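Student: This is what each chain is made of:
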Amino acid sequence: MQGLEVRGLSKRFGGLVVSEDIDFDLPPGARKALIGPNGAGKSTFANLVTGILAPTGGSIRFDGQDIAALDEAERVKHGIAKTFQITTLFSGLTVRENLRLPVLERQGQGGRLFRRADSDPKIEAEVEALLAQFDLLALADRPVVDLAYGQQRLVEMALTLALKPRVLILDEPAAGVPSSETHLIIEAIERLPEDLAVLVIEHDMDLVFRVARSIVVLVQGRILTEGTPEEIARNAQVRELYLGGAHG
Amino acid sequence: MTLLLNIAVDGVAYGMILFMIAVGLSVTMGLMRVVNLAHGGFALIGGTLAHWLGTEVGLPFALVLLGAVAGTIVIAMPLERLVYRRIYGFGELQQVLATIGLTFLMIASVNLWQGSSLLSITLPEGLNRSVDLGFRQLTAHRALVIGVGALVILGLWLLLDRTRFGIRLRAAVDNRDTASALGIDTGRIYMLTFALGAGLAALGGILGAELLPIDAYYPLRYMVLFLIVVAIGGLGSILGSFVAALAIGMIETASRYLVPDMATITFFAIVILFLALRPRGLMGRVGA
Amino acid sequence: MTGRLLSIFLILAAGAAAYLLFPYNLAFLTRILIMIVLVLSLDLILGLAGIATLGQAAMYGAGAYAAGLFAIHVWADPVAGLLAGAVAGALLAAVSGAVLMRTQGLTLIMLTIAVAQICAEIANRARGVTGGADGLRGIRPGKVLGLWEFDFIGITGYWYAFAVMLLVFLALAIIARSPFGLSLRGIHESPERMVAIGVSVYRRRLAAYTMGGAIAGIAGALSAQITQLVSLESFSFTLSAEALIMLILGGTGRLYGAILGTVIFMAVHHVAAANDPFNWLFVIGALVLVVVFFLPRGLVALPVSLKRLAKGGRHAGT
Chain E
1 MQGLEVRGLS
11 KRFGGLVVSE
21 DIDFDLPPGA
31 RKALIGPNGA
41 GKSTFANLVT
51 GILAPTGGSI
61 RFDGQDIAAL
71 DEAERVKHGI
81 AKTFQITTLF
91 SGLTVRENLR
101 LPVLERQGQG
111 GRLFRRADSD
121 PKIEAEVEAL
131 LAQFDLLALA
141 DRPVVDLAYG
151 QQRLVEMALT
161 LALKPRVLIL
171 DEPAAGVPSS
181 ETHLIIEAIE
191 RLPEDLAVLV
201 IEHDMDLVFR
211 VARSIVVLVQ
221 GRILTEGTPE
231 EIARNAQVRE
241 LYLGGAHG
Chain S
249 MTLLLNIAVD
259 GVAYGMILFM
269 IAVGLSVTMG
279 LMRVVNLAHG
289 GFALIGGTLA
299 HWLGTEVGLP
309 FALVLLGAVA
319 GTIVIAMPLE
329 RLVYRRIYGF
339 GELQQVLATI
349 GLTFLMIASV
359 NLWQGSSLLS
369 ITLPEGLNRS
379 VDLGFRQLTA
389 HRALVIGVGA
399 LVILGLWLLL
409 DRTRFGIRLR
419 AAVDNRDTAS
429 ALGIDTGRIY
439 MLTFALGAGL
449 AALGGILGAE
459 LLPIDAYYPL
469 RYMVLFLIVV
479 AIGGLGSILG
489 SFVAALAIGM
499 IETASRYLVP
509 DMATITFFAI
519 VILFLALRPR
529 GLMGRVGA
Chain G
537 MTGRLLSIFL
547 ILAAGAAAYL
557 LFPYNLAFLT
567 RILIMIVLVL
577 SLDLILGLAG
587 IATLGQAAMY
597 GAGAYAAGLF
607 AIHVWADPVA
617 GLLAGAVAGA
627 LLAAVSGAVL
637 MRTQGLTLIM
647 LTIAVAQICA
657 EIANRARGVT
667 GGADGLRGIR
677 PGKVLGLWEF
687 DFIGITGYWY
697 AFAVMLLVFL
707 ALAIIARSPF
717 GLSLRGIHES
727 PERMVAIGVS
737 VYRRRLAAYT
747 MGGAIAGIAG
757 ALSAQITQLV
767 SLESFSFTLS
777 AEALIMLILG
787 GTGRLYGAIL
797 GTVIFMAVHH
807 VAAANDPFNW
817 LFVIGALVLV
827 VVFFLPRGLV
837 ALPVSLKRLA
847 KGGRHAGT
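Protein chains in written order, with our numbering: chain E, 1 to 248; chain S, 249 to 536; chain G, 537 to 854.
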């Protein structure tokens with residue numbers, strides 16, 4: 001078992017401890033969810049893993065290699081990618097162009113000058129496959145800004161998947177999506193490649209219990225417990241956390 | 249040693265002028281998030297009014313100063329209402345363009361009224377007299393500049409620290425949305441702050457005319473200089489602007505004394521190096 | 537492909553029509569062509585990559601002085617001179633951009649202005665080489681491609697500038713559709729996302745800035761060869777600002793907006809106030825405000841805006 005191995009990860013902002021001594025594994029094919037009340041440090045954890053933030057202590061290894069010193073762009077090249085909590089797309093570009101960009105960059109063709117961006121059949125085939133996978137074919141030539149929010153979240157996921165990551169972190173994929181469209185997100189997650197390691201950070205418990213095979217509960221920067229959805233649902237501490245007024 | 253003292257005195261005088269002109273720019277940029285390339289235009293308007301009041305109307309210097317600053321404020325307030333208020337929400341580029349447009353209109357207006365030649369500001373006899381500092385002679389005018397500059401920073405500090413307006417202004421700089429949620433009338437604060445900044449620019453423009461001579465192209469000629477003070481001081485920081493203005497005054501004066509042929513280039517090189525290392529300036533809290 | 541052929545045909549037709557309609561204004565028409573090249577360079581940097589600059593004149597001036605000095609001291613061949621100008625513009629952009637591209641917003645805008653001022657100051661001080669405030673004189677370019685001599689009326693100059701402009705336009709049209717061009721649009725839309733895709737935004741922006749510098753250098757070189765004079769004005773803030781205004785007037789990011797904006801601006805300039813620079817400032821100041829408030833996406837977006845307005849309901853600018 002390789003994949004992502006986090007040991008003793010800590011992060012302090014001045015005197016404020018936001019992550020403390022976190023041990024965490026994400027092997028290939030995993031479907032894990034990270035839950036916890038607001039301010040538990042879920043997004044901080046995701047940002048530490050993807051390199052947006054630098055940890056104060058601990059190690060992050062990926063397939064046995066220490067990646068803690070790499071920056072965000074380099075970790076992407078190693079196969080660790082994260083969707084954005086707040087949709088950050090190329091809103092003036094069409095859906096197809098949004099997906100073409102990461103594919104081109106992954107193939108190392110992003111700096112080419114004297115050929116058309118859409119002229120490589122291999123890249124175009126990959127873009128089409130992504131569009132099909134996320135049910136976006138009908139919207140492919142519309143600028144992203146014209147799409148409904150749920151659809152934009154799908155583009156967000158497709159764009160990140162276009163990087164062919166081996167670890168995919170979905171940071172609140174359903175945030176802001178009307179409940180009538182949440183099923184689109186769930187279906188999209190269910191259709192992700194089998195061998196991909198997936199970590200979902202989410203408040204929507206329906207979604208979490210639908211997609212996760214294992215759930216990690218984070219409270220005040222520490223891991224409270226980890227278990228299968230059934231175990232977590234039965235866990236008294238977790239129930240208190242979510243039913244005892246701290247629901248968020 | 250004398251050389252260093254000379255640099256210090258001239259540098260401080262120069263720095264005080266830069267501070268008076270640029271502080272309003274810094275606060276409006278920090279508060280309203282507007283890139284205002286036309287700010288130097290208010291120094292030009294003040295200088296032009298002072299020229300007119302002094303040489304054509306013939307008022308005494310104190311009244312010239314008062315009238316010109318008041319006149320600039322009277323012009324600045326409707327401008328804030330009619331133009332600036334509309335561009336606060338715009339992108340950077342649109343703001344740059346709009347304020348360049350305003351700058352061009354200011355230049356053209358001053359030219360239409362007073363022509364394109366140098367606009368001298370008559371100083372009273374007393375201010376041309378020299379004060380003996382022991383190691384050099386200093387004109388009373390320069391001493392006045394330093395004194396007024398010190399009063400301005402003191403006054404601003406009192407205003408911000410001791411008045412309701414100051415508390416509200418600081419709240420608005422820190423967080424606009426919270427401020428308006430707390431029921432602070434940000435629109436009024438914007439206008440008053442803008443007017444104050446314009447008035448100080450006029451004051452600095454008039455008092456600094458000896459070092460930065462007034463003519464119609466003034467706002468373009470010194471645009472970069474004023475922007476540098478703001479960028480180095482950090483957007484929205486009054487203390488930052490003050491320190492930056494004094495430092496820039498010193499550096500520019502020192503390079504004039506020490507490397508007269510390469511003064512401008514040395515000066516810019518130092519500024520660029522500094523900003524490359526600290527893109528947010530000395531005390532910037534807002535991302536530049 | 538047909539779209540590109542059509543645009544080439546339209547530009548050729550417009551060039552020929554202007555030549556036939558205003559045979560006594562060739563010098564002015566040539567100035568327009570040179571400005572178009574400069575504004576096109578700005579469209580690459582600002583329109584595509586979204587780098588806000590008010591110092592494009594720095595590279596223009598560097599190209600002009602380089603081409604002038606090259607013609608005087610090295611070789612009078614115009615095409616070689618253009619290359620010299622492009623290299624000078626690219627070098628200046630690469631060196632200054634290495635610092636500038638680390639900054640953004642106000643600091644970036646200010647530093648671009650400062651770079652142009654430094655260049656003007658250097659050119660002013662190095663009187664022995666550049667002629668200082670008197671300008672660089674004595675540029676005598678040779679025959680274009682060894683065939684066409686620069687003539688008194690400016691026929692060669694016009695078609696030479698026209699050919700260069702067309703080539704620059706085509707090169708930029710190709711780049712705009714390339715993966716590189718797409719990535720610049722991506723950086724313009726969302727630099728954070730580009731980083732998340734694994735792109736060094738800094739390097740991409742620097743590459744774009746350098747390319748824009750080369751093209752601005754070509755514009756400067758053209759001007760040096762055709763007017764046979766380079767003055768300190770080549771570095772002026774007004775030139776940078778006017779180029780920016782022309783681009784915004786026409787509309788950014790679409791290349792033909794740069795052509796449209798430049799032609800209209802220069803024509804207005806010509807008619808309105810060429811003899812009185814101050815009254816001209818009234819016109820341009822008002823023009824800028826009108827564009828910012830009523831035409832934020834430029835003239836090329838006018839038909840779309842009007843159509844949406846006519847349909848009613850939908851907001852014109854999203």
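Honestly, the hints are just simulated from the structure, not real lab data.
All values derive from a computational prediction rather than experimental measurement.
Wrong hints could be hidden among the right ones.
To be verified - To give an idea of the interface, some chain S residues facing chain G are shown, with a C-beta separation under 8 Å as derived from the structure:
#1 L345
#2 G349
#3 L404
#4 L406
#5 L523
#6 A524
Said to hold, decoys possible - Covered stretches of chain E, as calculated for chain G (at least 3 residues, CB under 8 Å):
#7 9 to 21
#8 34 to 45
#9 197 to 205
#10 231 to 239
Said to hold, decoys possible - Which chain S residues stay away from chain G? Per the calculated CB distances, all over 12 Å, these:
#11 N284
#12 I323
#13 V331
#14 I335
#15 G339
#16 L341
#17 L375
#18 L408
#19 E458
From the three backbone atoms N, C-alpha and C, an ideal C-beta is built for every residue, glycine too.
Student: Each of the hints needs a verdict: does it hold here or not?
Tutor: Hint by hint, here is what the structure shows:
Given the 8 Å rule on beta carbons, the hint for L345 (chain S) holds: about 5 Å separates it from the nearest Cβ of chain G. With its C-beta approaching chain G no nearer than about 3 Å, G349 (chain S) sits inside the 8 Å limit, and its interface hint holds. Against a cut-off of 8 Å between C-beta atoms, the interface hint on L404 (chain S) is violated, since the closest Cβ of chain G lies about 22 Å away. The interface hint given for L406 (chain S) is broken, as the beta carbon of that residue sits about 29 Å from the closest beta carbon of chain G, more than 8 Å.
For L523 (chain S), the shortest C-beta to C-beta distance to chain G is roughly 6 Å, which falls under 8 Å, so the interface hint holds. The interface hint given for A524 (chain S) holds, since its Cβ lies 5 Å from the closest Cβ of chain G, which is under the 8 Å cut-off. Residue count for the segment 9 to 21 of chain E with a Cβ under 8 Å from a Cβ of chain G: 0. That is fewer than the three needed, and the coverage hint is violated. For the segment 34 to 45 of chain E, the assignment as covered by chain G is violated, since 0 residues bring a beta-carbon within under 8 Å of that chain's beta-carbons and 3 are needed.
Counting residues of the segment 197 to 205 of chain E whose CB lies closer than 8 Å to any CB of chain G gives 0, so the stated coverage by that chain is violated, three being the minimum. Given a C-beta distance limit of less than 8 Å, the hint that chain G covers the segment 231 to 239 of chain E is violated, as 0 residues qualify and 3 are needed. For N284 (chain S), the non-interface assignment is contradicted: its Cβ lies about 10 Å from the closest Cβ of chain G, within the 12 Å cut-off. The claim that I323 (chain S) lies off the interface holds: its Cβ sits roughly 15 Å from the closest Cβ of chain G, which is beyond the 12 Å cut-off.
Here V331 (chain S) does not stay apart from chain G, with its beta-carbon only about 8 Å from theirs, under the 12 Å limit. At roughly 7 Å from the closest C-beta of chain G, the C-beta of I335 (chain S) falls inside 12 Å, breaking its exclusion from the interface. Against chain G, the non-interface label of G339 (chain S) is violated: not every CB pair exceeds 12 Å, the least being about 9 Å. Residue placement check: L341 (chain S) does not keep its beta carbon more than 12 Å from all beta carbons of chain G (closest about 5 Å).
Every Cβ of chain G is farther than 12 Å from the Cβ of L375 (chain S); the closest lies at roughly 32 Å, confirming the non-interface assignment. With a closest Cβ-Cβ approach of about 22 Å to chain G, L408 (chain S) is found to remain outside the 12 Å limit, as its non-interface label requires. For E458 (chain S), the non-interface assignment is confirmed: its Cβ lies about 22 Å from the closest Cβ of chain G, beyond the 12 Å cut-off.
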